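Kindly generate the complete structure, drawing on both the sequences and the hints.
2 protein chains.
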Amino acid sequence: MRIVETRRAPNPRRVRIFLAEKGLPILFEEQDLMTGSLKSAEFTALNPWQQVPVLVFDDGRRLCESVAICRYFEELQPNPPLMGVGPMGRAETEMWQRRIEFGLLFRVAQVFRHLHPKMAHLEMPQIAAWGEANKAKVEAELRLIDERLAGTHYIAGENFSIADITALVAIDFMKPACLEVPADLVNLKRWFDEVARRPSASA
Amino acid sequence: MRIVETRRAPNPRRVRIFLAEKGLPILFEEQDLMTGSLKSAEFTALNPWQQVPVLVFDDGRRLCESVAICRYFEELQPNPPLMGVGPMGRAETEMWQRRIEFGLLFRVAQVFRHLHPKMAHLEMPQIAAWGEANKAKVEAELRLIDERLAGTHYIAGENFSIADITALVAIDFMKPACLEVPADLVNLKRWFDEVARRPSASA
Chain A
552 MRIVETRRAP
562 NPRRVRIFLA
572 EKGLPILFEE
582 QDLMTGSLKS
592 AEFTALNPWQ
602 QVPVLVFDDG
612 RRLCESVAIC
622 RYFEELQPNP
632 PLMGVGPMGR
642 AETEMWQRRI
652 EFGLLFRVAQ
662 VFRHLHPKMA
672 HLEMPQIAAW
682 GEANKAKVEA
692 ELRLIDERLA
702 GTHYIAGENF
712 SIADITALVA
722 IDFMKPACLE
732 VPADLVNLKR
742 WFDEVARRPS
752 ASA
Chain B
552 MRIVETRRAP
562 NPRRVRIFLA
572 EKGLPILFEE
582 QDLMTGSLKS
592 AEFTALNPWQ
602 QVPVLVFDDG
612 RRLCESVAIC
622 RYFEELQPNP
632 PLMGVGPMGR
642 AETEMWQRRI
652 EFGLLFRVAQ
662 VFRHLHPKMA
672 HLEMPQIAAW
682 GEANKAKVEA
692 ELRLIDERLA
702 GTHYIAGENF
712 SIADITALVA
722 IDFMKPACLE
732 VPADLVNLKR
742 WFDEVARRPS
752 ASA
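Residue numbers (my numbering), protein chains in the order written: chain A, 552 to 754; chain B, 552 to 754.
These aren't lab readings, by the way, just hints derived from the structure by calculation.
Be careful, since some hints might not be right.
Treat identical chains as interchangeable: a pair holds within one or across any two.
[Unchecked claim] Here are the computed lysine to any residue pairs in the SDA-like style, where the Cα-Cα straight-line distance is at most 25 Å: (1) K590 to K686; (2) K686 to P599; (3) K669 to F743; (4) K688 to G587; (5) K573 to T557; (6) K686 to N598; (7) K686 to H672; (8) K590 to A691.
Just so it is clear, the structure is predicted and the values come from calculations on it, not from any experiment.
Okay, here's the thing in structure tokens:
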């Protein structure tokens, strides 16, 4: 079993952190996203959606989509639980994961993809107005997360979860997207300073 | 327990179809999306993300995000399974659900939200170039799904699943978005004609 990925992209990092939290060592194989190798015939045969990461099993089967890969490992190795415990806990964790993924990670990615000069040959067409529009959406989402973190230790509740992983990766991805976390979001800062210090954050 | 939703929006429809397939009768309460009622103080207190559907429990707890709501009911009533069976089956179904959600439903929604005149006061700013760019992405995704359906009966494999529900809702949402399925996608047409005839499709 191996994971085909690129270290520079945010989605593979979500899986790397998840596996580090689980203590599962997996072989990673690098693809260079920026040279367009995801559009090669060889990689397209691996994943017609041309996205990393791809979990490749020894018998040739493939599993794509970062959260689907995480769920597979969550079932294989339930401890520590990173996707919630019990029907309501799992549903709530999925709710928070999705809010962070669509509301923050996706929007940061849109700012990066539609405004960064290096993405001009990969994101076609690049639409600067769409990139700009997402800047305000990112800030609005950060404020909602800050409000949430006024009442809970982690995003999905009292335990570290995949929602925290998605948020950590999204906030670190704000740097190449030339975005900054507003200084008045003190709950978010308290949370970030803690999760960014976990050993898994460097995975 | 009740679900606050709007019948005209695609995400609540995913949950209605899911519950119809499970045979679970739930009370639905209508909000009128088009009049901006999701931005009211009352609804924002229910869901700060201002989105439907919201599952409201009798004790006041809320669960948002359509797929999280579906997962809650999948655990409560596992039969018929709509989110896969076994660790690999559940992960593969989630992979397909995500591909269809991001690749198709989200993109159709972008065409609708950024090009339809009725959305001008709800999607701010409306960016026509972004709406237009998503038209080609929708067609590319439909072609990938058609290729997939050349080899499987349903999208995630041989059993009807949440991935089919997301795809059915997305394709029906193409009509108000003024999009058409290309006539040469015969596998997609075979699949659509079957799933659109399921009793749950009218939920």
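Numbered hints the structure breaks, given as an ascending list
Going through the list in order, the structure violates hint 3 alone and respects the others.
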